[in-house]
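2 protein chains.
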Amino acid sequence: MPRVSQDQLDARRHEILTAARGCFARFGYEGATVRRLEEATGMSRGAIFHHFRDKESLFLAVAEDDAATMVETVARNGLVQVMRDLLGRAGNSDGDTAGWLGTQLEVSHRLRTDPAFAKRWAERSAAIADATRERLQRQRDAGVLRQDVPVEVLTQFLELAYDGLVLHLATGRPPGDLARVLDLVEDAVRRH
Amino acid sequence: MPRVSQDQLDARRHEILTAARGCFARFGYEGATVRRLEEATGMSRGAIFHHFRDKESLFLAVAEDDAATMVETVARNGLVQVMRDLLGRAGNSDGDTAGWLGTQLEVSHRLRTDPAFAKRWAERSAAIADATRERLQRQRDAGVLRQDVPVEVLTQFLELAYDGLVLHLATGRPPGDLARVLDLVEDAVRRH
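Listed in order, the protein sequences are those of chains L and S.
According to the UniProt record's numbering, the first sequence is numbered sequentially starting from 1.
According to the UniProt record's numbering, the second sequence is numbered sequentially starting from 1.
The shape of chain L in the complex, shown without the other chains:
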């Protein structure tokens, strides 16, 4: 058998993540059975679980992949921009976006009751919070941020808005005036 290069392994891993994301988005966590994951990826369960230990690890890998992209956008343009992008994609009748957010909510019961699962999820959230806090600190140093509220509180304020947006979109509610609401969120952390 020919040796498989690291590049090929990485490419295969990326293909699985993309297909699994769509499958989780469409069927939910429980509904994304191993058979459906096989159909979505076009690979056998043996091939899938060569790359990921089990379905839980596959799900967390999709979420970690998402978080890495978010961290980059936060560092460059801030968490409000992440929210605007999310709102744009979901408003664009992209069922995948709402579906994937909804699947993340589905596991909330596990986040309270399964410490090992919660720990891996918390690492993902911490990376996003760290990037948000660092960007706000840079903005504070540049004088564009309000000075009367600690950066930590502003960070948690933006996270609260992000979580609210996730819940809104994940439950399939229409966007309403959320674009203007995000203007208000951004305005609330700025210096006047």
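The hints are simulated quantities; they were obtained by calculation from the structure and are not laboratory data.
Keep in mind it's a predicted model, so treat the numbers as computed, not measured.
There's no promise every hint is true.
To be verified - Just so you have them, the derived chain S footprint on chain L, three or more residues with Cβ under 8 Å:
| # | region |
| --- | --- |
| 1 | 100-108 |
| 2 | 150-164 |
| 3 | 170-184 |
Claimed, not checked - Keeping only pairs whose Cα atoms sit at most 20 Å apart, straight-line, the calculated SDA-like set for lysine to any residue is:
| # | chain 1 | residue 1 | chain 2 | residue 2 |
| --- | --- | --- | --- | --- |
| 4 | L | Lys119 | S | Arg173 |
| 5 | S | Lys119 | L | Pro174 |
| 6 | L | Lys119 | S | Gly176 |
| 7 | S | Lys119 | L | Gly176 |
| 8 | S | Lys119 | L | Arg173 |
| 9 | L | Lys119 | S | Pro174 |
| 10 | L | Lys119 | S | Pro175 |
| 11 | S | Lys119 | L | Pro175 |
Backbone N, C-alpha and C fix where the C-beta goes; we use that ideal spot for every residue, glycine too.
Model the placement of chain S on the given structure of chain L, informed by the hints.
Leaving out everything else, chain S in the frame of chain L:
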């Protein structure tokens, strides 16, 4: 057999709702089996489903009961006060509060894929939004609200914060600085 009065029926219905709420909070929507609902209420399935058509109706009745209480608090003290109360109860290591919020998230997949279920849920949310909008309008008339943003946008801003709080608490995350974040939320809708 003696006739059962309306008061007795109402009391029985209330008992079932309270016990079912705890059962849903502890086991989640799927995990709250009919057997567990029987144990929690101390009633037979026949008695339970005499009052509620099925498990879905029972779940929605608990949610509607919650919404009615919320509407009263919103009308009297506003949605920010609802959030402060929720934060206080959840911080008070009240597993029931976080559990019940988490169970509401669990049904998010259905909210996107089951129109009949989504419709009943939307009625509940609309009642809370209406109460919020009416209170904000009264505050605007009293001159305590900022004038440069439409009441509708302020309403949706407060709902976004509420949804964010629900997601935060439902996933078992610590309260952090959320009390100060809520001060910031309140401040963002006020006149300065």
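Quick rundown of the hints versus the structure:
{"no.": "1", "hint": "100-108", "verdict": "holds (count 5)"}
{"no.": "2", "hint": "150-164", "verdict": "holds (count 12)"}
{"no.": "3", "hint": "170-184", "verdict": "holds (count 10)"}
{"no.": "4", "hint": "Lys119(L) <-> Arg173(S)", "verdict": "holds (11 Å)"}
{"no.": "5", "hint": "Lys119(S) <-> Pro174(L)", "verdict": "holds (13 Å)"}
{"no.": "6", "hint": "Lys119(L) <-> Gly176(S)", "verdict": "holds (17 Å)"}
{"no.": "7", "hint": "Lys119(S) <-> Gly176(L)", "verdict": "holds (17 Å)"}
{"no.": "8", "hint": "Lys119(S) <-> Arg173(L)", "verdict": "holds (11 Å)"}
{"no.": "9", "hint": "Lys119(L) <-> Pro174(S)", "verdict": "holds (13 Å)"}
{"no.": "10", "hint": "Lys119(L) <-> Pro175(S)", "verdict": "holds (17 Å)"}
{"no.": "11", "hint": "Lys119(S) <-> Pro175(L)", "verdict": "holds (17 Å)"}
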